[in-house]
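To convert, note that position 53 of the sequence shown is 1259 in this note's numbering; the numbers rise steadily by one, no gaps.
Be aware that one or more of the hints could be misleading.
[What the hints assert, rightly or not] Pair ranges (Cβ atoms, derived): (1) Gly1217 to Gly1331: 40 to 50 Å; (2) Ser1315 to Ala1271: 33 to 43 Å; (3) Glu1233 to Gly1357: 30 to 40 Å; (4) Ala1379 to Lys1274: 10 to 20 Å; (5) Gly1217 to Pro1346: 31 to 41 Å; (6) Lys1238 to Lys1341: 31 to 41 Å; (7) Met1358 to Asn1220: 24 to 34 Å.
Just so you know, these hints were derived from the structure itself, not from any lab. Glycine included, each C-beta is placed from N, C-alpha and C at the ideal position.
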Amino acid sequence: LSTLEEIAELGPGNHVRTAVLVNSVKEHLTKKGDKMAFCGVDDLTGAGEATMFPEVYAKAKELIALDKPLLLKAKISDHDGGPQEEEGMKTAKVLVEEISLLMDALLQSDEPILKEIPVADLEHGGVNELKGILKAHPGPAKVQLKINLDGMSCRLQLGPEFTVMPGPDLDNALKSWHHVKEAQHARQ
1207 LSTLEEIAEL GPGNHVRTAV LVNSVKEHLT KKGDKMAFCG VDDLTGAGEA
1257 TMFPEVYAKA KELIALDKPL LLKAKISDHD GGPQEEEGMK TAKVLVEEIS
1307 LLMDALLQSD EPILKEIPVA DLEHGGVNEL KGILKAHPGP AKVQLKINLD
1357 GMSCRLQLGP EFTVMPGPDL DNALKSWHHV KEAQHARQ
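Let the hints inform the model, and build the full structure from the sequences given.
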């Protein structure tokens, strides 16, 4: 999966998969009278625009109405529709080819989720804290941890007792935990 921030840096025509929330929908009638939509989307890294032509939009309407995270399979658009954001940031613009609920897509996938953990977060009781977070979000997805130490990277596949429900709740719990660990390191 690519973040909107990463997509904004890629060239037009690239095919991507991204998880987003839709925050606005502008319907538009085509010359044939079919409804298409320009959707404002965002994730934790930024904002973007997703264009849905009539065939895709007809299927997407119900999913958008659920107000849940969506998985988009899309092609990066080659038009630069509008002003850049204040800090000179590029905006991700995609043409949606397929859309599904993120949770449905994750539940059907055998791919483990990969979480990058700074080795310092595992010190001073961090391993047990991480276990607690994973156990508090049980689900079907296997977990791999990527741990970086002195320029080397180690990938660990966790056992079946640590399968999780991927999504924003788990991501936010891990982020909060990381910030607490960072604050602890700063005080030492």
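Hint check results:
The hinted window of 40 to 50 Å between Gly1217 and Gly1331 holds, with their beta carbons roughly 45 Å apart. Judged by the Cβ atoms, the range 33 to 43 Å given for Ser1315 and Ala1271 is violated: they are separated by roughly 24 Å. Checking the proposed 30 to 40 Å range against Glu1233 and Gly1357 shows it is violated: the Cβ atoms sit about 51 Å from each other. With their beta carbons about 18 Å apart, Ala1379 and Lys1274 fall inside the hinted range of 10 to 20 Å.
Between Gly1217 and Pro1346 the beta carbon distance is about 35 Å. The supplied range of 31 to 41 Å therefore holds. Distance hint for Lys1238 and Lys1341: a CB-CB separation of about 53 Å, inconsistent with the stated range 31 to 41 Å. Taken as a hint, the range 24 to 34 Å holds for the pair Met1358 and Asn1220, whose Cβ atoms sit roughly 30 Å apart.
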